[in-house]
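Undergrad: Sequence:
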Amino acid sequence: MGVAEIVEEHDDWVKAKILLDTVEPHELLDPTLSAEDLLYRLYHEDGVTVYPETQLRRHCTCSVETVAEMLRRFSPEDRADMVKDGEIEVVCEFCSSVYRFKPSQFA
Numbered sequence: 002m003g004v005a006e007i008v009e010e011h012d013d014w015v016k017a018k019i020l021l022d023t024v025e026p027h028e029l030l031d032p033t034l035s036a037e038d039l040l041y042r043l044y045h046e047d048g049v050t051v052y053p054e055t056q057l058r059r060h061c062t063c064s065v066e067t068v069a070e071m072l073r074r075f076s077p078e079d080r081a082d083m084v085k086d087g088e089i090e091v092v093c094e095f096c097s098s099v100y101r102f103k104p105s106q107f108a
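Positions in the sequence shown are counted from 1; adding 1 to them yields the working numbering.
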């Protein structure tokens, strides 16, 4: 992807945000205005594709075992640098789960 393509994508995103900013609160709350109709109003010049809704489910694959295995890959020196208040704390950036380990678990 060249620099010109990146700038063009950025311009498209800016244009989409500008059009979205024109939506008024009453349009968002209007029970007679479907999401599809609102999208068409905003973006009909560029073409609109509406896909069937998909149920979203929060899912993270982290676990005590996977985090411990990840920590085992660090050198003992690196793990020693991670110790604060007598433990190593890892926070999953995806699901915000907090895992705490004693340094002795990795000896």
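Each hint should be verified, as a subset may be incorrect.
Derived Cβ-Cβ restraints for the label pairs, each shown as a range [said to hold, decoys possible]:
(1) Thr67 with Glu88: 17 to 27 Å
(2) Glu54 with Val99: 30 to 40 Å
(3) Asp13 with Phe75: 36 to 46 Å
FYI, nobody ran anything at the bench for these hints, they're computed from the structure.
Beta carbons are placed, not taken as given, at the ideal position from N, Cα and C, and that holds for glycine.
Undergrad: Each hint should be assessed against the structure and marked as holding or not.
TA: To see whether the hints hold, each was checked on the structure:
1. The hinted range of 17 to 27 Å is satisfied by Thr67 and Glu88, whose Cβ atoms lie roughly 18 Å apart.
2. As the Cβ distance of Glu54 to Val99 is approximately 33 Å, the hint placing it in 30 to 40 Å holds.
3. At roughly 42 Å, the beta-carbon separation of Asp13 and Phe75 lies within the given 36 to 46 Å, and the hint holds.
The structure meets every hint from the earlier list without exception.
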